[in-house]
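Okay, here's what each chain looks like letter by letter:
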Amino acid sequence: MSQAARKIESWGSRLGVIMAVAGSAVGLGNFLRFPGQAAQYGGGAFMIAYAISFIIIGLPIGWAEWTMGRAMGQRGLHSAPGMFAHVMKQSWSKYLGIIGIIIPVVIYMYYVGIEAWCLGYAVNFLRGALHMNTAEESSGYFSSFVGIKQDGAAMHFSWDTMLPFLIIVFLINFIFIYRGISKGIETVCNWGMPALIILATIVLIRVMTLGTPDASLPDNNVNNGLGYMWNPAKLIVEVQKDGAWTEEKQLVGAAMLQNAKLDIAEDSSRRIREITVAEQLLKPQLWLAAAGQIFFSLSVGFGVILCYASYLKKSDDVVLSGLSASAANEFCEVGLGGLITLPAAVAFLGLAGVAGQGTFGLGFNVLPLVFSKMPLGQFFGAMFFFMLFLAAITSSLSMLQPGIAFLEEALNIGRKASVAILGFITVVGAGFVSWFSADLKALDTLDFWVGTFLIFILATIQIIVFGWVWGVEKGFKEAHEGAAVRIPRVYRTIIKYICPAFLLVIFTMWVLVNVFGVNFSGGAPQISSYVTDLFINPNQVAWLSVVLVLVFAVFLALLVSKARAYQKTTSQPDSDS
Amino acid sequence: MTTSGLLIMIASVGTVTMLFAWCVWKVLCCPEQTDNVHGVVSKHTPDEAE
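Residue numbers (our numbering), protein chains in the order written: chain A, 1 to 577; chain B, 1001 to 1050.
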């Protein structure tokens, strides 16, 4: 089937493509991961590193993806293998592009499950079935809902298991992806994104008016929640053990400080210490956390923006569109996520109830308990989790499109056939992740090696290709074609030198910390559990997860090697050069 | 919440809100500069033939 005979798709409106890219970026991380990270590293210090990372990583990689995607789309290429082959002019480069398909499709395999959790919690709140009294009850419900205790434990039909919601969510995704770019993805994002912002704003107003819900616990209030999130200097109580001082708890607010002073007045083994902004900025972990948050939050390095931008026309703006999509994501993350989650949790559970919680812990253990204690919590809980579901579905749809575009190109088939093939692949993958649910081992393994490690690799490749292979001058000329605003000149230097160098430093640090277990605080290194699961104390599910990815990679490589569309791209002259 | 915490919160939330609002205004209110996107160009589709 020739390219001309295939349906040539494009976006229906300028706002539509911006909403779609913003929808792809806005996800659970905006409302659950960002607040936890900011609070852990001290709001002020974290925000400095976060803003710098946004300027030198987030914006330039985003603009590079938008520009390359639109340019390659003009040549009929909508997926990373063809795009890389065309730009790099090397036959091996098309195999490098496979990473741009593996990442979104494999992430979809577990993300669709998380999306089902959100819908399940929203429905169960709405029907009044979720009313938690203790933290144990809340974590127990989550454990049984997703099947953490035993493989396959959540694979039966019930209101209180993920399976029915997984099937519904899966069908919704494929119905809309089948409808295409404009009628499917764009329609969902045009409705979903404004709805998400409205729902989040309503929940935000409710949280900001909570005050001190329980007068007998005056430290548990919204003001302390905001302080926990945003105070630049951290006040901590330290305890001396074996000659070393270690953190015991954090203090927020005058009353907590006063009480702590009284408590330790006659205890020489305890002290109160202030960790200043400067002290926090000197910690490598803070920079790693801030850069990582920007990186994953903006969806750069996923291969999604490349694909979405390839459906733009030559004169369509990419500079303002890229900035707008990033700004929408930041508004949801900082302006909404930064004000909702932790203040609500601290107001009802106190600092002790939220400290040290990860993304899932905060979202599915802490918050259900918070909504259970909140007046009209049934209504607000349903609203909050439905908002998370909207954030998730606009992201999951974006993960399918690169795979659809690749299959259409590589096999020269229409959308119906490519949707069917990708549907089969993702049913197998999502089924695998959902069945091997014990300790969320499959999900965790895939998220680490594909959802984090490979994203670093792809983003680094992309920025090097844009800045060095394509060339900054050519890249800027291409980016400014039809642009409504101009990229500041300083970004020539940032894209060519600073961004790749910063990425390589952050990636190296990430590998040292998360793979080799290096402790920058001075403790003994401890090999990561992800490495242990594969090589030191092999875990069957971890290995099966890696095998799943490798089999998929081999399948994609075979398609790439046979695809006639990619055999031509390496020999085609670049019309702009 | 300390005064410096309040200032950081206002600066952070204010900056992203203004940036987002400026982008929305620029996209929606300057269509002559920015609205270059057109609708779907449909040719013969394989699905029609099936």
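Check each hint, because a few of them may be wrong.
[To be verified] As a list, the in silico DSS-like pairs of lysine-lysine whose alpha-carbon atoms are at most 30 Å apart: (1) A:LYS314 x A:LYS496; (2) A:LYS474 x A:LYS496; (3) A:LYS241 x B:LYS1026; (4) A:LYS474 x A:LYS89; (5) A:LYS496 x B:LYS1026; (6) B:LYS1026 x A:LYS149.
It should be emphasised that the hints constitute simulated quantities derived from the structure, not laboratory data.
For each hint, the structure was consulted:
With a CA separation close to 24 Å, the supplied pair LYS314 (chain A) and LYS496 (chain A) stays within the 30 Å bound. Note on LYS474 (chain A) and LYS496 (chain A): the hinted pairing holds, with a Cα-Cα distance of about 12 Å set against a maximum of 30 Å. Restraint check: the Cα-Cα separation between LYS241 (chain A) and LYS1026 (chain B) comes to about 58 Å, which exceeds 30 Å; the hinted pair is violated. Proximity of LYS474 (chain A) to LYS89 (chain A) is assessed by CA-CA distance (about 16 Å); at most 30 Å being required, the pair is judged to hold.
About 28 Å separates the Cα atoms of LYS496 (chain A) and LYS1026 (chain B), which keeps this hinted pair within 30 Å; it holds. Distance hint between LYS1026 (chain B) and LYS149 (chain A) is unfulfilled; the C-alpha atoms sit about 51 Å from each other, more than 30 Å.
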